[in-house]
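**Student:** If you want the building blocks of each chain, they are given just below.
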Amino acid sequence: MTDARPQMSGSKARVVVAMSGGVDSSVAAALLVEQGYDVIGIMLRLWAEPASGAGPQHANRCCAPEAVADARAIARQLGIPFYDIHAESVFKEKVVDPWIRAYGEATTPNPCFNCNRSIRFGFLMQRALALGADFLATGHYARIAVTQSESASVNPDQPPVRYRLLKGVDAKKDQSYVLHVLGQRDLARALFPCGDFTKQQVREMARRFGLPTAERAESQDLCFLTQGDYRGFLLRQAPGIATPGPILNTRGEVIGQHEGLPFYTIGQRRGLNIAPQSARAEALYVLRLDSARNAVIVGPADALGVQQIVVRRMHYVSGEAPEGPLRCNAKVRYKAREAACTLTPLPGGDAQIVFDEPQRDATPGQGLVAYDGDEVIGGGVIARDA
Amino acid sequence: MATTRTIRRVYLDYSATTPVAPEVKQALEPFLTETYGNAASLHSFGREAAAALDEAHRVVSCAIGARASEIVFTGCGTESDNLALRGVAFAARQRGRGNHIISAPTEHHAVEGTLHQLQDVFGFEVTMLPVDGCGRVDPDDVRRAIRPDTVLVSVMTANNEVGTLEPVAAIGRICRERGIPFHTDAVQCPAYLPIDVEELNVDLMALSSHKFYGPKGVGVLYIRDGTPYIPTLTGGGHERGRRAGTVNVAGAVATAAAIKYVAGQRQEQAARLQRLRDQLIAGILAAVPDARVSGHPQNRLPHHASFVFKGVDGETLLMALDVEGIAVSTGSACASGDPEPSPVLLAMGIPREWALGGLRVSLGYHTTDEEIAYVVEKLPRCVEQVRRSMADF
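Chains as they are written, first to last, in our numbering: chain P, 1 to 386; chain Z, 1001 to 1393.
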């Protein structure tokens, strides 16, 4: 592994593995057992919208009853203790409620950041430490590298080692984007055993370990949505969150009606209720959500690009903001392409990012993550008035 | 590759369940394969089973000071509580006797859940008695709560969570004076305390075989002859019409064997376990800061120790102990990630920050001095570990 941690003295190091019953976390657990760690499996029961009516009980996709049974069976096969812990209310409070609120503020939030920060590396890390664990491992495709801090000799208060968060080896599976919220304290206690391998290799290891290799159906939906799309969910959970209003073109002319800002996101083209007489040869896209006027602003594709972005409360994995402008790459969504930019820390902890070329779909509420090659510099939430 | 952890395992959750005693297993086995008849059948196979079942009724009834006809074998302790409460409540309803039930907030879920349903679905009115700081009901409160329309009182013999013994005999005397049927859940008791329905003045009593070295899946319900009762498990006329369903003859025989088994060594074991239990309590209180015993310090089940630890999530502590191989339990079921304090501890007036950290250590016939020493060594470290992790976040 890239991660050459100092050896634990005395008895073997204890690791809690966040298990989902899926291939990645199962292989992570198996690798750690093979490497001689004292491994404990934990699965968190997360909140999902309660089923309406008499249908089958819906559960969060991360921890449906079958997934719990799978994880328990794998833990038994590996000979490790396994616990499933109820985390519904803390997940609702720290992840789902802020996600709903962010929609109410005319942004398009990504709940995975809060989940990693507050649930995996908060709630679960605390449980892991309570069980005497030295590390918390997950099945994420990302790597941690340990380097001697250059400033160690200069500043005796600096920790002697610095933890760097790197992309996973498999570029297609890399999950460093959602882990950018982690800091030095988190990384010091984190292990990502899958990060050094490709998905293909992980699958092969699953076969070698005799673990189930079947993948649960991947879904674009969020884990806590049990009844289709997020729009109905928002209306059920936060009635009144959506107020219909005008769709404006870039000249401020009303060309249609929208059903409420939470139902639109930057770059969206379909589902715009624009009057036929104003339809034109050119396709129109959502450019901006103007909460002050409760308006959706639309325009042509070439107006979508944004070159300059402000990120609120930029988080740096190293714990320290760069002293001045920094040339790096950044991406504005999980699946967006990285692009060259200059990152300038602003007073008060925000950061300004100026891309060399305009970026499509930079959406308030989504995360911007900055990279130096394979290394995550940090990231934060794109501000509304970008 | 399965590298099973080789750690010492210590079972100290005998209040949850016990291993089947060898004598019990031996008594049970022929009834699975050889004497397999249905006790309700007329033929010779049925008669063999019926004879064994009659004997099981007799043995169990003798052990609790009852008559054979007053014993009903059920599927579990919870079922016994369900049948008792609904049976008496429905009989009272049928006779137009009244609508009022008295119980306590410290009852087992089997009683609590059934009373809630009687209240919410069937329209009964339930008065919950106050309990003191040890979880004890005051018999005078029972006297005061009784109304002309009171049809049932239910107070447990010993609390599963905090071990406290309730003044059942005194409550039973009051109920008898007023002609009100009195039910007690005595599930925690038979292995460690003598129980006699005459001494306790009870009309209905629930027991569970697996709590006293019998198998899971068998309960006992004592119903004093003459107690108004309607069966809520309806069908055939099994168990003198009080619990329909083919009787688990093997389970009944095993229960009889188990009650004999515990009667033979109860006194000696209770003394031994009480000594070990007191060592455990002294060891924990000396080594863990901000620790208290919950429940009554003396007037409690002899095998039962329960603690509260300030600022500790009991469920997390259980896991930390399990990682060390120590199997214990907590009364506070954490159902949502927001640790919820135990309602029983809250009813006893224990502050919230203490009530989250409930822990029950229940000893049994196989518990050794070494096991207790191991727990006294490990538990303080686990509490410290949990507290440190909570301070970190």
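Quick caveat, the hints were computed from the structure, so don't treat them as lab data.
Any given hint might turn out to be false.
As the list claims (entries may be wrong) - In silico SDA-like links for lysine to any residue, alpha-carbon gap of 20 angstroms or less:
1. 1216/Z with 1059/Z
2. 172/P with 12/P
3. 1310/Z with 126/P
4. 12/P with 1059/Z
5. 94/P with 1393/Z
6. 1378/Z with 14/P
7. 94/P with 1392/Z
8. 199/P with 34/P
9. 94/P with 381/P
10. 1378/Z with 132/P
11. 1378/Z with 134/P
12. 1378/Z with 81/P
13. 12/P with 1009/Z
14. 12/P with 1008/Z
15. 1216/Z with 1246/Z
16. 92/P with 1393/Z
17. 92/P with 1008/Z
18. 92/P with 196/P
19. 94/P with 1391/Z
20. 94/P with 1340/Z
21. 1216/Z with 1013/Z
22. 12/P with 1340/Z
23. 12/P with 1378/Z
24. 1260/Z with 1008/Z
25. 92/P with 228/P
26. 94/P with 1390/Z
**Student:** Each hint should be assessed against the structure and marked as holding or not.
**Tutor:** Hint check:
no., hint, in the structure
1, 1216/Z with 1059/Z, "19 angstroms, holds"
2, 172/P with 12/P, "34 angstroms, violated"
3, 1310/Z with 126/P, "17 angstroms, holds"
4, 12/P with 1059/Z, "54 angstroms, violated"
5, 94/P with 1393/Z, "14 angstroms, holds"
6, 1378/Z with 14/P, "17 angstroms, holds"
7, 94/P with 1392/Z, "18 angstroms, holds"
8, 199/P with 34/P, "19 angstroms, holds"
9, 94/P with 381/P, "16 angstroms, holds"
10, 1378/Z with 132/P, "12 angstroms, holds"
11, 1378/Z with 134/P, "18 angstroms, holds"
12, 1378/Z with 81/P, "18 angstroms, holds"
13, 12/P with 1009/Z, "19 angstroms, holds"
14, 12/P with 1008/Z, "16 angstroms, holds"
15, 1216/Z with 1246/Z, "17 angstroms, holds"
16, 92/P with 1393/Z, "18 angstroms, holds"
17, 92/P with 1008/Z, "38 angstroms, violated"
18, 92/P with 196/P, "33 angstroms, violated"
19, 94/P with 1391/Z, "19 angstroms, holds"
20, 94/P with 1340/Z, "18 angstroms, holds"
21, 1216/Z with 1013/Z, "15 angstroms, holds"
22, 12/P with 1340/Z, "34 angstroms, violated"
23, 12/P with 1378/Z, "18 angstroms, holds"
24, 1260/Z with 1008/Z, "32 angstroms, violated"
25, 92/P with 228/P, "18 angstroms, holds"
26, 94/P with 1390/Z, "17 angstroms, holds"
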